[in-house]
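Modelling step: build the complete structure from the supplied sequences, incorporating the hints.
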Amino acid sequence: AHFHLVDSRITISNATLGEQGNDALILDRGSAADYVNVETPSDVTFLDMISVVRHSITCEIRAVDYETGTPLQNVQIEVRNREGETVAMKQTGSSGGTGPVLLEMYTNTSVMTMSNLPLSVTAVRDPYEVSVGTIEKDLRELTMTLYPPNDPPELDLLLPVNGTEVSDHVSVQGYISDDLEVHKLRYRVDGGSYHMIDLEVVESNGFFAVDIPLGPLSRGEHSLWVHAFDGTHLSNPSMRTLVVSAPGLDDSDSDGIPDIIEDADMDGEVDANETDPNDPDTDDDGLLDGIEIDDTDGNVTDPLNEDTDGDFILDGIEDANKNGRRDGNETDPNLADTDGDGYSDLDDRYPLDPTRHADLEEGNSNALLVLLMVVVVGILIILLAYALYLRLGGGNGTSGGEEGHRERGRKAPEPRREGGTTIRTRRGEKAGGNEREGYERRRENRKGP
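Residue numbers (my numbering): 1 to 449.
Heads up, some of the hints might be wrong.
Stated by the list, open to error - With beta-carbon atoms standing in for the labels, derived distance ranges:
(1) 100 with 317: 52 to 60 Å
(2) 278 with 154: 40 to 48 Å
(3) 102 with 127: 28 to 36 Å
(4) 320 with 267: 30 to 38 Å
Claimed, not checked - In silico SDA-like cross-links for lysine to any residue, where the CA-CA straight-line distance does not exceed 25 Å:
(5) 322 with 335
(6) 184 with 128
(7) 184 with 156
(8) 90 with 149
(9) 184 with 207
Derived from the structure by calculation, the hints contain no laboratory data.
C-beta: ideal position from N, C-alpha, C; glycine also.
This is the structure:
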């Protein structure tokens with residue numbers, strides 16, 4: 001049974017394999033399946049030592065002229081595996097392309113043998129030079145630039161000199177000459193990977209000056225290797241010894257993160273995934289960037305997100321004392337529901353107590369109810385006090401005589417007369433004999449003994 005699959009997400013149905021789907025294969029004796037542009041199946045069962053699964057890519061290889069970028073026809077393309085074995089050979093057509101080239105990346109057997117990585121590609125066309133590239137991943141298209149025959153470039157390096165003290169970059173100056181006038185520098189630090197930089201400005205006499213980023217370096221001496229490169233040839237290397245005395249100590253905004261880490265690509269701009277080396281609190285949440293990323297202090301929050309846990313409370317409010325740790329009286333800036341009671345910290349009146357979870361709306365309703373009850377009780381007290389006041393005869397309404405009658409809007413009764421003498425009776429004295437007796441007693445009292 002042999003199958004050629006162009007998409008890993010298809011269901012394989014075969015009497016020999018059985019019904020398997022989504023990268024799950026059970027291979028019988030002598031069967032094979034070619035996978036194109038997919039990852040290795042995660043669920044493969046081998047029934048014998050003969051079954052294999054081949055992981056492959058389909059690549060389009062093109063050849064162009066170094067000067068004009070126009071496609072080059074009749075270029076011989078040869079692809080080799082890491083053992084140096086030729087795995088594909090093609091020739092470019094009028095479009096400069098080879099057409100699809102099936103490249104087997106590795107063979108995976110029941111003993112997990114892998115081979116053919118990486119793939120080296122060589123392009124040759126007379127009278128052009130040989131151009132060499134490497135395929136390290138599933139590239140759909142590989143463009144190779146071919147250069148005409150030429151002599152290697154020459155490099156006379158003036159700066160830096162041995163012992164130059166550097167931090168994260170170094171100024172490189174010198175003279176370069178090349179008959180193709182393709183001016184590039186290829187450099188590396190110590191035993192690291194090579195980097196390429198184009199010399200955009202080269203004077204007529206070949207002088208150039210360029211700033212080379214070095215990246216973070218440890219304290220001490222480092223070796224800088226520099227070559228001139230014209231696309232096909234390298235000049236003899238120039239090596240300089242550089243000295244790093246204080247690596248990564250510059251911290252412009254004093255947030256605890258060196259500038260070289262905040263501006264990781266050293267382009268002087270704040271990119272999407274970088275903190276601002278000139279702003280101690282990039283996301284304006286109230287916490288220093290250095291506090292947010294320091295995992296030794298407990299909580300690690302996102303210095304680019306003012307609300308890491310998305311509970312609509314700023315990280316700097318949840319970490320009230322700004323120490324990067326979650327203390328006992330603080331909510332967790334990494335958990336929207338600190339106490340795990342199903343209510344977010346924003347909506348929970350008791351965000352640290354899982355047994356109490358009255359939300360803010362309920363709390364506001366209770367407060368309004370209490371206020372309403374206080375108002376009602378106050379009104380009742382005032383009404384009762386006023387009623388009691390009236391019942392006890394408050395004000396001037398209790399005074400007797402003419403004044404009292406006048407205040408109550410009634411005319412006082414006229415005093416009665418007896419024998420030319422005006423007799424006034426007190427309120428409560430009875431008429432007739434009783435009134436007369438009262439009068440006599442008052443008269444006797446006035447005479448005295």
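Evaluated hints:
1. 100 with 317: 52 to 60 Å: 58 Å, holds
2. 278 with 154: 40 to 48 Å: Check passed, 42 Å falls within 40 to 48 Å.
3. 102 with 127: 28 to 36 Å: 31 Å, holds
4. 320 with 267: 30 to 38 Å: 36 Å, holds
5. 322 with 335: 17 Å, holds
6. 184 with 128: Roughly 19 Å between the alpha carbons, so the hint for residue 184 and residue 128 holds.
7. 184 with 156: 14 Å, holds
8. 90 with 149: 22 Å, holds
9. 184 with 207: Distance ~13 Å between residue 184 and residue 207 Cα, so the pair holds.
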